[in-house]
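Peer 1: What follows is the residue order along each chain.
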Amino acid sequence: MKQHLVSMNDLTTKDIMDLLKMAESFENGDHWSPNKKTFAANLFFEPSTRTKTSFEVAERKLGLDIVPFESGSSSLLKGESLYDTVKTLESIGIDIAVIRHEQDHFYDELINKVNVKIINGGDGCGQHPTQSLLDLYTINQEFGSFEGLKVAIVGDLRHSRVAKSNRDALTALGAEVIFSGPSEWFIDSDANCNFNIDEVVETVDVLMLLRIQHERHFSLTAISADQYHQKFGLTVEREKRMKKSSIIMHPAPVNRNVEIADSLVECERSRIFKQMENGVYVRMAVLRKLLEQ
Amino acid sequence: MKQHLVSMNDLTTKDIMDLLKMAESFENGDHWSPNKKTFAANLFFEPSTRTKTSFEVAERKLGLDIVPFESGSSSLLKGESLYDTVKTLESIGIDIAVIRHEQDHFYDELINKVNVKIINGGDGCGQHPTQSLLDLYTINQEFGSFEGLKVAIVGDLRHSRVAKSNRDALTALGAEVIFSGPSEWFIDSDANCNFNIDEVVETVDVLMLLRIQHERHFSLTAISADQYHQKFGLTVEREKRMKKSSIIMHPAPVNRNVEIADSLVECERSRIFKQMENGVYVRMAVLRKLLEQ
Amino acid sequence: MKQHLVSMNDLTTKDIMDLLKMAESFENGDHWSPNKKTFAANLFFEPSTRTKTSFEVAERKLGLDIVPFESGSSSLLKGESLYDTVKTLESIGIDIAVIRHEQDHFYDELINKVNVKIINGGDGCGQHPTQSLLDLYTINQEFGSFEGLKVAIVGDLRHSRVAKSNRDALTALGAEVIFSGPSEWFIDSDANCNFNIDEVVETVDVLMLLRIQHERHFSLTAISADQYHQKFGLTVEREKRMKKSSIIMHPAPVNRNVEIADSLVECERSRIFKQMENGVYVRMAVLRKLLEQ
Chain A
0 MKQHLVSMND LTTKDIMDLL KMAESFENGD HWSPNKKTFA ANLFFEPSTR TKTSFEVAER
60 KLGLDIVPFE SGSSSLLKGE SLYDTVKTLE SIGIDIAVIR HEQDHFYDEL INKVNVKIIN
120 GGDGCGQHPT QSLLDLYTIN QEFGSFEGLK VAIVGDLRHS RVAKSNRDAL TALGAEVIFS
180 GPSEWFIDSD ANCNFNIDEV VETVDVLMLL RIQHERHFSL TAISADQYHQ KFGLTVEREK
240 RMKKSSIIMH PAPVNRNVEI ADSLVECERS RIFKQMENGV YVRMAVLRKL LEQ
Chain B
0 MKQHLVSMND LTTKDIMDLL KMAESFENGD HWSPNKKTFA ANLFFEPSTR TKTSFEVAER
60 KLGLDIVPFE SGSSSLLKGE SLYDTVKTLE SIGIDIAVIR HEQDHFYDEL INKVNVKIIN
120 GGDGCGQHPT QSLLDLYTIN QEFGSFEGLK VAIVGDLRHS RVAKSNRDAL TALGAEVIFS
180 GPSEWFIDSD ANCNFNIDEV VETVDVLMLL RIQHERHFSL TAISADQYHQ KFGLTVEREK
240 RMKKSSIIMH PAPVNRNVEI ADSLVECERS RIFKQMENGV YVRMAVLRKL LEQ
Chain C
0 MKQHLVSMND LTTKDIMDLL KMAESFENGD HWSPNKKTFA ANLFFEPSTR TKTSFEVAER
60 KLGLDIVPFE SGSSSLLKGE SLYDTVKTLE SIGIDIAVIR HEQDHFYDEL INKVNVKIIN
120 GGDGCGQHPT QSLLDLYTIN QEFGSFEGLK VAIVGDLRHS RVAKSNRDAL TALGAEVIFS
180 GPSEWFIDSD ANCNFNIDEV VETVDVLMLL RIQHERHFSL TAISADQYHQ KFGLTVEREK
240 RMKKSSIIMH PAPVNRNVEI ADSLVECERS RIFKQMENGV YVRMAVLRKL LEQ
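Chains as they are written, first to last, in numbering that gives the first Met the number 0: chain A, 0 to 292; chain B, 0 to 292; chain C, 0 to 292.
Heads up, none of these hints are tricks.
Intra- or inter-copy, both count: the list cannot distinguish identical chains.
Here are the simulated SDA-like pairs of lysine to any residue, each with C-alpha atoms no more than 25 Å apart in a straight line:
#, residue 1, residue 2
1, K112, F272
2, K112, A260
3, K36, L290
4, K36, G62
5, K35, E276
6, K36, R287
7, K273, N256
Calculated from the structure, these hints are not laboratory results.
Please build the complete structure, drawing on both the sequences and the hints.
Peer 2: What follows is the structure, encoded as structure tokens:
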């Protein structure tokens with residue numbers, strides 16, 4: 000594994016399986032801490048509850064010292080570049096930084112130029128590798144393997160940070176992946192998009208809903224939230240037609256009654272909150288892997 | 000005691016006395032920590048120095064791990080509900096949450112629906128139970144008992160988070176409580192309001208001043224800050240007429256020369272800063288009680 | 000040494016040398032922690048990455064408990080004074096506070112009035128003593144002594160928090176100090192200002208560049224950033240004429256291609272990022288000194 004994790008492309012299939020196995024050991028109560036005082040910083044330039052808090056818990060469980068960083072009162076307000084900010088943190092003693100930034104590939108100005116280890120916590124409409132890993136972990140936990148599984152990824156494919164990388168990883172691991180959603184959000188090069196949600200719900204093992212990112216592009220679609228729900232979302236009626244052993248996933252925050260009916264968010268086949276729990280174990284594994292190198 | 004503390008109505012008189020005794024043991028240097036790694040989060044959706052910092056210190060003294068939560072950069076900005084936010088924190092591993100929120104009864108959507116233990120750090124114009132408890136602790140510490148004490152609560156009764164619950168608790172514990180202040184801020188149903196500050200200061204054991212909450216309703220009264228001070232506040236002249244053993248209390252932040260003359264804030268009978276110190280012990284007791292259940 | 004550090008005038012020459020020696024021992028890996036639980040708070044009312052993060056790391060390395068303080072959501076928004084805020088923190092149990100505030104001499108309302116130990120993290124256009132100390136540490140580390148060194152301080156002398164105090168301290172310690180920069184930023188009383196950058200670069204051991212504080216006074220000078228660079232800054236051409244053993248310093252954040260050419264920020268004789276590292280050791284020393292008293 001590399002010194003950083005900024006994209007799922009940084010990981011081989013073996014790397015992924017190793018991380019999932021390590022995450023499992025953390026879920027089972029294993030402990031690990033670095034053998035020297037280790038400082039982490041979480042630089043979130045976009046709003047986040049889940050990812051930031053998840054990393055904060057994971058870091059504390061590993062015994063790291065966390066130096067708070069508030070983007071709204073940092074020297075970036077004085078015009079400092081991200082490079083200079085991270086180089087500063089390095090000089091001050093930070094060992095590992097988790098960064099979420101609205102700019103695609105923000106990490107290009109950092110990788111191989113700083114010694115701080117970098118985890119991408121989400122870049123623009125680019126990648127969000129620990130979200131992908133927790134998705135994979137949740138599926139593997141449920142089914143024991145990826146071989147022969149049918150996974151549908153449904154919704155705003157174009158702006159998702161995980162649709163493409165999950166498709167690539169799942170395919171490499173032996174699953175079949177199909178896409179569904181409004182055609183204006185299709186990924187151009189992809190042929191597997193043209194699936195209607197009504198066919199999809201009856202055949203898949205995993206129904207992975209994507210968030211409509213109101214805050215990024217609310218007016219990109221001409222249809223209302225309710226129309227979206229009826230046409231592309233998981234309604235109460237559709238859920239009833241799902242296969243017995245199939246599960247529902249969503250990266251959250253959920254727009255209730257848009258991507259998924261309110262009453263289904265915590266239904267029996269929903270793994271939405273389990274995904275969040277799993278995120279902590281997966282991030283502990285990623286942090287450990289990077290710190291051990 | 001219940002699994003949460005959102006209102007003084009959650010506590011019996013015995014619960015209150017138990018908490019005050021436990022707080023006293025913490026003031027005397029006793030230590031207690033949970034026997035497993037325990038995560039706390041402090042969700043403050045309204046400005047606070049005192050209450051938030053007090054909880055932060057109390058939590059650290061008990062050895063809790065605190066996961067930072069900044070309301071201004073959380074997913075609530077993406078439209079997530081309080082329920083989904085707290086449920087998220089629960090999934091990620093948070094054991095106990097302190098919440099201040101501008102909405103009355105914000106906790107109704109949480110209690111018995113999440114497993115995170117909830118402490119109300121102030122809801123709208125509702126309750127602020129740890130403030131009430133620290134007031135009671137401070138009085139009990141001073142006089143050894145509540146029996147026969149005369150307590151005046153003076154000022155903005157209507158918008159106070161503690162006036163009514165302090166009245167109820169003090170009465171149940173054996174004290175006599177009277178109210179004083181501008182008539183437009185009287186609590187409708189209450190007969191004990193009509194006391195003039197000039198009579199009050201000469202007879203009470205405890206003079207509990209309430210903050211005029213400029214930030215909530217500055218134009219609700221037609222009188223100026225100076226007129227308020229002369230008519231309803233504790234002036235230098237009035238303090239001189241107080242009983243020898245009587246004390247002054249105020250939840251702070253104080254508006255100097257409005258509720259109380261500037262020079263009296265740290266006078267001999269003022270317990271204003273002692274209240275803040277006591278808040279830490281009381282909050283340690285509440286946290287311990289909830290975590291032990 | 001006093002109970003606080005708000006100005007370099009609080010320190011004798013011996014105090015300074017003692018602090019530098021103690022900082023060196025921390026750089027060499029020495030450990031020290033207070034023998035009781037000790038709470039620190041960092042109150043930054045102006046943007047900061049470097050100084051705040053540096054104190055956070057220094058405090059954690061000493062094992063202090065840090066209570067977060069966010070100026071943007073504190074009771075100062077309710078009109079509370081700095082005195083009442085700090086007195087509150089004292090009551091709640093804070094032992095030492097680092098404060099950055101836009102008002103010159105903000106600490107006058109605190110010193111000898113509160114028991115919290117105070118470190119000035121920068122006051123208006125006043126002082127920034129730990130920045131001065133880290134500058135001195137970096138010079139002493141490089142040359143082993145101050146005796147006979149020639150130091151130029153270049154740039155916005157008037158608004159700098161360190162120009163005057165560094166001049167005074169360096170002179171007292173045996174160095175010769177000269178100033179250079181735009182005449183409208185000269186310090187009135189000073190005769191040693193009139194040095195042209197082209198003479199300066201060839202003769203000095205230490206070239207200490209000051210930041211142009213765009214955020215404070217961007218329109219105070221009639222010249223453009225590029226004109227400043229050509230006339231007063233360290234260009235690639237000028238750096239080539241510097242003495243073999245001489246070093247470049249800058250408090251950062253750097254305005255690249257204004258005070259200094261982009262390519263020189265990390266050149267061999269630059270100590271800019273080393274200064275940041277040194278800041279942690281120096282702050283550990285200051286914190287220890289104050290807490291040991």
